[in-house]
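Using the sequences and the hints given, assemble the complete structure.
Line by line, the protein sequences give chains S and G.
Under UniProt numbering, the first residue of the first sequence is numbered 1, with each subsequent residue one higher.
Under UniProt numbering, the first residue of the second sequence is numbered 1, with each subsequent residue one higher.
Among the hints, erroneous ones may be present.
Which copy is meant is left open, because identical chains are indistinguishable; a pair holds if it fits in one copy or across any two.
Stated by the list, open to error - Within a straight-line C-alpha distance of at most 20 Å, the following computed SDA-like cross-link-like pairs (lysine to any residue) qualify:
no., residue 1, residue 2
1, K282, R81
2, K304, G162
3, K304, T37
4, K64, P315
5, K95, H140
6, K64, Q29
7, K142, M179
8, K16, R196
9, K95, R288
10, K64, Y317
11, K64, D316
12, K64, I321
13, K304, I30
14, K282, I18
15, K304, F160
16, K64, V318
17, K64, L94
What the hints contain is simulated information worked out from the structure, not anything from laboratory work.
Number of protein chains: 2
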Amino acid sequence: MNHASNHVSNTPFADKLIVQEVAPRDGLQIEPTWVDTADKVALINALSTAGFTRIEAGSFVSPKAIPALRDGDAVFQRIERHAGVIYVALVPNLKGAERALAAKADELNLVMSASQTHNRANMRMSCESSLTAFGDIVRHVKGSGVLLNASVATAFGCPFEGTIDEDRVIGIVDTYREMGIEGITLADTTGMANPRQVTRLVARVLERVEPSALTLHFHNTRGLGLANVLAAYEAGARRFDAALGGLGGCPFAPGASGNICTEDLVNMCDETGIRTGINLEKLLALSRALPALLGHDVPGQVAKAGRNSDLHPVPDYVLQI
Amino acid sequence: MNHASNHVSNTPFADKLIVQEVAPRDGLQIEPTWVDTADKVALINALSTAGFTRIEAGSFVSPKAIPALRDGDAVFQRIERHAGVIYVALVPNLKGAERALAAKADELNLVMSASQTHNRANMRMSCESSLTAFGDIVRHVKGSGVLLNASVATAFGCPFEGTIDEDRVIGIVDTYREMGIEGITLADTTGMANPRQVTRLVARVLERVEPSALTLHFHNTRGLGLANVLAAYEAGARRFDAALGGLGGCPFAPGASGNICTEDLVNMCDETGIRTGINLEKLLALSRALPALLGHDVPGQVAKAGRNSDLHPVPDYVLQI
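Rendered as structure tokens:
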């Protein structure tokens, strides 16, 4: 295995940062207001024209567990598929994987927490049971051409257990890869990561996984979302989840921010010269429509403040000084 | 002049990050609700026991310009002075400096924008007139033992003019120093800075100014506040302004965040192992009292989400899995 920096210089990811838009899934799943299937489809279609190459478009979980996303099948059937866009579905088990394949998802995202307690709280099973289910899914999907990604949730900390041993996270990454799962996501599920920890863990994972197969999933719960992105980027990571408007959140921290905000991330990239291929103007228009769709303000900041280049008119009195 | 990294390794600032609390001044100045003098004094007294070594406690500006801070004289007279705490006053002109000295401020902070247009909008005078006023203040303060700091506002961008030439910022820093002003603040007045720009400009300024004499003042308007702090810290900067609760803001960006939030900054430092000497628990209690004082929610996030170490109770159903 090469060191991360060698990977980076030898790949087309050298400069580009890939954003996977997760608002339709991770963003909407805790929204108390029902979003009509047609509105979900319209949002995904609009996102598909903004320059994204990856959109997490829905999940195939129990409608009792996540009622807000109970129309995953219909969403996947009705969206316009844009060339070059990978439409990802989150699936918790074999039944979900079957539904996702029937709905023609391009990629399945599986989730297990590094924390046993969090996995039991979130998935209602032990980590061992999750891995057994992953095996069933891998066998079912094999040969279908559908891509597989698996997330290590609570990779940077657990709201029940606290600190998570980094060796445990690395062990799970190795297990996923040995099972034949290509893509790996390190998820900071409740926003506990800090930049130094991110630098360290990303460097270790990039000794095992190509940058093109590693996604970082950060929440901005404690204001460190974009700082963590920069730390991961500097450590060689090139793929990041983000949600339009900063939707999403943590049921254990009411009022705290959710996922890192896509338009704030793209603005940071634009300002620092990191290419994303995403049209910020389109994103801002979509984000500014969210409060009307959801019935509440959203955390994203650039949609409120405007871009740096949105200059303000000079007050009249200034001209007389 | 030595390079920044040499400065850092040779100073007691090598590891410690100094936070100057600015909520009583920059935080309150745009609040529409009047905060009683007694409440201001109580806030400053409480902050004085939380480990800060520097508090911007008020300003001596025209009561017409900033009615929220019209009681600066009374605030400075009534606060308890804690040993080791420097109480700073913002002053716009010689008259303000005279009032601040009478009120026994330990340090005066002068402000001029790098942008002519912003200086005219904010200070209602040209940069040349501001520098003339600074000269009057320097002569008046000389020999009094009172410290002097001057801020370069809009150092990272101007909401009217856009990009600010870095050479102009450096030139202003040189001018301040030649005038005999010891402390320099680079202020990102409307939250336009990005981490790469911060790295570059801080490195240039630290070729001229010791880390112990340079303060960075960031706003979190576009979500980059803490990322900018880390970039500046890594470039050798050790002093940062921040406001309890993330108070403050930009009159040109309603709804956007204000100053970087003190407790979110201290939490980042605690998590990443950077010493501040500040008691986060005390800060969180003070921040959580702000909405009742001001009548509105505040942007700070850790006060809502809790610290990483504030673990959540395990749900009952988990114990049965």
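Up to 20 Å CA-CA - V318 versus K64, copy category: between (60 Å within a copy, 17 Å between copies)
Give the relationship of K64 and L94 under a CA distance limit of 20 Å: within one copy only, between copies only, both, or neither. within (17 Å within a copy, 68 Å between copies)
Is it within, between, both, or neither for K64 and I321, if the alpha carbons may be no more than 20 Å apart? For K64 and I321, the Cα distance is within 20 Å only across copies (18 Å; inside one copy 65 Å).
Evaluate K95 and H140 at a C-alpha cut-off of 20 Å and name the case that applies: within, between, both or neither. Classified as within: same-chain Cα gap 10 Å, cross-chain 79 Å, threshold 20 Å.
State whether the alpha carbon distance between K142 and M179 is at most 20 Å within one copy, between copies, both, or neither. Only inside one copy: K142 and M179 sit 11 Å apart there, 73 Å across copies, limit 20 Å.
Homomeric proximity label, K304 with G162: Cα distance no greater than 20 Å: between (34 Å within a copy, 18 Å between copies)
Regarding K16 and R196, is the shortest C-alpha distance of 20 Å or less found within a copy, between copies, in both, or in neither? between (22 Å within a copy, 16 Å between copies)
If the cut is 20 Å between Cα atoms, do K64 and D316 qualify within a copy, between copies, both or neither? between (58 Å within a copy, 19 Å between copies)
Is the C-alpha distance from K282 to I18 at most 20 Å within one copy, between copies, in both cases, or in neither? Within one copy, since 17 Å is at most 20 Å while 40 Å is not.
Between copies, within a copy, both or neither: which fits K282 and R81 at Cα up to 20 Å? So K282 and R81 pass the 20 Å test inside one copy only (18 Å; across, 52 Å).
Have a look at K64 and Q29 and pick one of within, between, both or neither, based on CA distance no larger than 20 Å. within (12 Å within a copy, 49 Å between copies)
Classify it for me, K304 with F160: is the Cα-Cα distance of at most 20 Å met within a copy, between copies, both or neither? Between copies only: 17 Å across chains, 34 Å inside a chain, cut-off 20 Å.
Comparing the model with each numbered hint stated earlier shows that hints 3 and 9 do not hold.
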